[in-house]
Amino acid sequence: MDMNAYLSMFIDESNDHLQALNENLLQLEGNPEDISIVQTIFRSAHTLKGMSATMGFEDLASLTHEMENVLDLVRNSKLKMDDFIFDTLFKGLDALEAMVQDIVNGGTGKADVQTIVTALVSIVKGDYAKGGQAPQPAAAASVQPAAAAAASASYMLDEFQASILEQSIQSGHQVYHVVVTVREDCMLKAARAYMVFDLIEQNGEIVKSDPSVQDLEQGSFEQAFSIFTICNLAADELQKRISDISEIEQVQVTSLDLESLKLMTAKQQQTAAAGSQAPVQTEQAAAAGAAREEAARQVAAGRNQAAAGGAAAVSKTIRVDIERLDTLMNLFSELLIDRGRLEQLASEVKRSELTETVEHMSRVSNDLQNIVLKLRMVPVESVFNRFPRMVRDLAKSLDKKIDLIITGADTELDRTVIDEIGDPLVHLLRNSVDHGVETVDKRLAAGKPETGTVHLRAYHSGNHVFIEVEDDGGGINRERVLQKALANKVVSEDQAKKMSADEINMLIFAPGFSTAEVISDISGRGVGLDVVKSKITSLGGNVSIESEYGKGTKFSVQLPLTLSIITAMLIKLGSEKYAIPLSSIVETGIIRQENVLNVHGSKMVEFRNTVIPLVSLSRVLDALDFNETEEDETEIIVIRKGEKLAAVMVDQFIGQKEIVLKSMGNYLKNVDKISGATILGDGQVALIIDPSSLIK
Amino acid sequence: MAEEVKVIVFALADEEYGIEVDKVRTIERMMPITRVPKTPAFVKGVINLRGIVVPVIDLRGRFQLQETEPTDNSRIIVVAVNEMEVGFIVDSANDVIDIDTDTIDSPPEVVGGIKAKYLHGIAKIGDNRLLIMLNLSEVLNRNEIIQLEQLEV
Chain A
1 MDMNAYLSMF IDESNDHLQA LNENLLQLEG NPEDISIVQT IFRSAHTLKG
51 MSATMGFEDL ASLTHEMENV LDLVRNSKLK MDDFIFDTLF KGLDALEAMV
101 QDIVNGGTGK ADVQTIVTAL VSIVKGDYAK GGQAPQPAAA ASVQPAAAAA
151 ASASYMLDEF QASILEQSIQ SGHQVYHVVV TVREDCMLKA ARAYMVFDLI
201 EQNGEIVKSD PSVQDLEQGS FEQAFSIFTI CNLAADELQK RISDISEIEQ
251 VQVTSLDLES LKLMTAKQQQ TAAAGSQAPV QTEQAAAAGA AREEAARQVA
301 AGRNQAAAGG AAAVSKTIRV DIERLDTLMN LFSELLIDRG RLEQLASEVK
351 RSELTETVEH MSRVSNDLQN IVLKLRMVPV ESVFNRFPRM VRDLAKSLDK
401 KIDLIITGAD TELDRTVIDE IGDPLVHLLR NSVDHGVETV DKRLAAGKPE
451 TGTVHLRAYH SGNHVFIEVE DDGGGINRER VLQKALANKV VSEDQAKKMS
501 ADEINMLIFA PGFSTAEVIS DISGRGVGLD VVKSKITSLG GNVSIESEYG
551 KGTKFSVQLP LTLSIITAML IKLGSEKYAI PLSSIVETGI IRQENVLNVH
601 GSKMVEFRNT VIPLVSLSRV LDALDFNETE EDETEIIVIR KGEKLAAVMV
651 DQFIGQKEIV LKSMGNYLKN VDKISGATIL GDGQVALIID PSSLIK
Chain B
1 MAEEVKVIVF ALADEEYGIE VDKVRTIERM MPITRVPKTP AFVKGVINLR
51 GIVVPVIDLR GRFQLQETEP TDNSRIIVVA VNEMEVGFIV DSANDVIDID
101 TDTIDSPPEV VGGIKAKYLH GIAKIGDNRL LIMLNLSEVL NRNEIIQLEQ
151 LEV
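Same order as they appear, the protein sequences are chains A and B.
For the first sequence, position 525 (counting from the first letter as 1) is numbered 525 according to UniProt numbering, and the numbering increases by one without interruption.
For the second sequence, position 76 (counting from the first letter as 1) is numbered 76 according to UniProt numbering, and the numbering increases by one without interruption.
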């Protein structure tokens with residue numbers, strides 16, 4: 001059967017579960033006594049195992065199974081968590097993540113996890129503590145034949161279903177065989193069947209149904225259907241709840257143990273054999289194969305349903321394919337363009353009915369625009385949630401003690417920004433953990449608590465989102481930074497003398513700059529903070545540092561809320577139109593030729609008592625039919641990049657407008673001075689100027 | 001095994017070229033093109049293709065042939081290759097034909113004018129009619145643009 005339909009859902013769900021496992025395991029590391037966390041972890045692992053088995057990713061399923069065995073002992077207080085167990089479980093999680101990633105990349109999710117499995121088995125056997133991490137192939141092997149035996153005994157249940165049931169019984173879950181008979185006069189058999197499924201899925205998992213889910217959904221069954229389920233309700237409770245559904249004639253819940261499971265499968269085998277009078281061997285085999293395939297399909301469909309139902313219960317959200325959102329966004333931007341055109345026409349036609357209608361449409365589309373933009377907003381949580389684990393591992397490998405405190409994880413950012421911001425943040429956090437926070441003895445010597453703190457904050461402010469990474473570590477040693485910068489010829493002696501503290505701090509963002517004296521695992525591999533800075537700048541953001549030597553460092557990243565719709569100033573350069581993002585415009589004005597100063601061969605202009613450089617846009621962009629030197633008076637736009645200002649000469653202002661950012665495609669990826677394109681009301685394409693490229 | 005492929009035929013400087021139909025998004029009449037500064041001369045700019053901004057290159061310029069003013073017959077053929085969407089300005093495009101893959105020969109060692117690496121093969125159709133099959137991923141090779149950009153700066 002075609003599993004591809006479920007694959008993306010499987011991947012999404014698996015990632016969710018892996019994330020939950022990671023988070024909860026970290027939490028458990030904080031309070032190892034809290035059994036309720038173990039319960040949550042166990043449930044996630046269990047679901048993951050079931051899903052993987054259904055999808056045919058056996059390696060994933062078997063590794064999860066081994067992890068589950070360990071968790072089960074912990075849950076039943078038969079085992080106490082310790083560092084070794086945590087490490088092994090985390091390693092297991094990493095392996096699972098790698099396997100899921102492999103599946104994402106089109107692989108089969110296979111991986112060699114023998115060492116982890118061996119470690120897990122040794123934990124279960126309890127002999128790891130005695131220094132014995134010796135391989136225990138016998139233990140691992142003993143599980144397989146049992147499962148295989150069960151599978152061979154079963155016709156109706158395929159080997160996975162049988163082994164899932166068997167393992168569930170072994171680990172103390174309630175497994176039931178439920179036979180439900182609906183009333184003869186039942187009007188909507190399919191709906192009743194669905195209600196039964198829904199009820200069971202709220203309390204457990206359905207392993208197998210007969211007839212198949214599809215048949216049940218279509219109501220194509222006689223009066224009765226049967227379900228194998230792993231359920232956390234007592235048998236009589238389950239029976240009572242199902243009976244409460246109207247138009248149900250009879251419910252028969254049989255609790256299964258290992259014996260009855262075997263008996264059950266054997267019985268089915270008999271009936272199957274009895275059904276076909278003289279089964280030819282090959283025919284039988286083919287039928288069995290078909291049945292197995294059918295069963296797999298049913299389970300997949302069942303899970304599918306379970307997944308949808310489960311998600312709805314937790315929060316009222318739906319997963320939407322990102323491509324559809326993008327299409328919506330694209331269509332909407334065309335609407336905006338048409339709106340601009342209509343507004344223009346209405347102002348020309350000057351008929352009050354038309355003007356009113358267009359104004360109303362503008363209001364509606366404004367609201368729509370807000371909603372469409374909000375649809376694309378994602379909490380930064382989705383990026384942040386991988387950091388606790390990362391910081392834990394880093395701190396461990398560096399032998400430091402670090403608390404990561406995350407605040408404002410619910411702050412929302414446009415998806416396009418979210419997708420890009422992860423890597424820069426990883427760099428900043430690594431920097432804080434590696435260079436910032438000192439080792440335990442250094443901290444104690446400096447009179448600080450031995451555990452360092454790294455804060456990761458996100459918050460809204462105006463039209464921007466700020467993300468801060470702050471540590472209470474050693475701070476930046478400006479003297480050393482400056483020495484290094486001089487040695488690397490990043491700055492000259494003269495420049496160095498004039499630099500402010502902040503400017504010196506910013507030096508660590510210079511290309512090829514690393515203050516780490518020792519090249520460690522984590523940094524000093526040439527991938528410096530310059531990458532962070534260029535990435536953030538390319539997102540239209542900004543990064544700054546505050547640092548006090550000996551007290552700590554704070555990186556502050558400023559990001560735009562969205563990258564898709566911005567307000568811009570449209571300008572003309574002869575016959576060509578360009579857009580300049582309003583966010584970097586300080587003000588507009590007019591200068592006379594005689595006010596242009598020549599300083600060292602470059603043109604400058606006086607602006608509010610300072611002298612700022614004058615940029616000729618027509619020359620920078622090789623304009624075809626405009627040259628400001630022919631004019632007495634030239635319109636200028638004063639733009640800002642950080643602290644620096646510059647005046648840009650243009651031909652004419654058109655006005656301020658909301659524009660939809662469009663990429664120019666992969667072929668023209670990085671055009672100098674141009675950051676993208678937009679479509680104007682008349683259908684023409686106007687290029688968007690990258691103001692920061694105009695200021696050196 | 002002979003297979004048939006559908007090919008869009010277009011003309012460029014008295015020669016006929018072919019592009020597999022599945023790589024062609026659309027064929028458009030000439031439309032206003034917005035110049036993009038700081039790009040090689042053969043990049044004519046970008047067009048608004050129903051809400052999507054698509055770069056347009058002059059195929060004559062790309063092959064270092066004499067560029068001419070667009071005429072009524074000029075067309076923009078928008079192709080999609082390697083996740084890139086690009087429009088080609090060609091002299092005319094007015095034919096779709098089926099050709100037998102067996103009739104496509106690999107390009108001869110020496111081809112005058114256009115560099116052989118842009119060619120995927122040469123198809124013989126009918127009598128005395130040769131169709132030059134383009135190797136689109138080479139025509140759209142970005143490395144080459146980058147090199148050209150560096151040369152011009």
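A hint or two may mislead.
[As the list claims (entries may be wrong)] Across the chosen pairs, the derived CB separations fall in these ranges:
hint: 1; chain 1: B; residue 1: D22; chain 2: A; residue 2: Q652; range: 15 to 25 Å
hint: 2; chain 1: B; residue 1: P32; chain 2: A; residue 2: G106; range: 36 to 46 Å
hint: 3; chain 1: A; residue 1: R386; chain 2: B; residue 2: E67; range: 29 to 39 Å
[Claimed, not checked] In silico contact screen, one side only, chain B against chain A (beta carbon under 10 Å); selected entries:
hint: 4; residue: V5
hint: 5; residue: V9
hint: 6; residue: A13
hint: 7; residue: K23
hint: 8; residue: I27
hint: 9; residue: M30
hint: 10; residue: V43
hint: 11; residue: G45
hint: 12; residue: G51
hint: 13; residue: Q66
hint: 14; residue: P70
hint: 15; residue: N82
Hints listed in this document are in silico derivations from the structure and should not be mistaken for laboratory results.
Beta carbons are placed, not taken as given, at the ideal position from N, Cα and C, and that holds for glycine.
Violating hint indices (sorted, rising):
Hints 1, 3, 4, 5, 6, 7, 8, 9, 13 and 14 not satisfied by this model.
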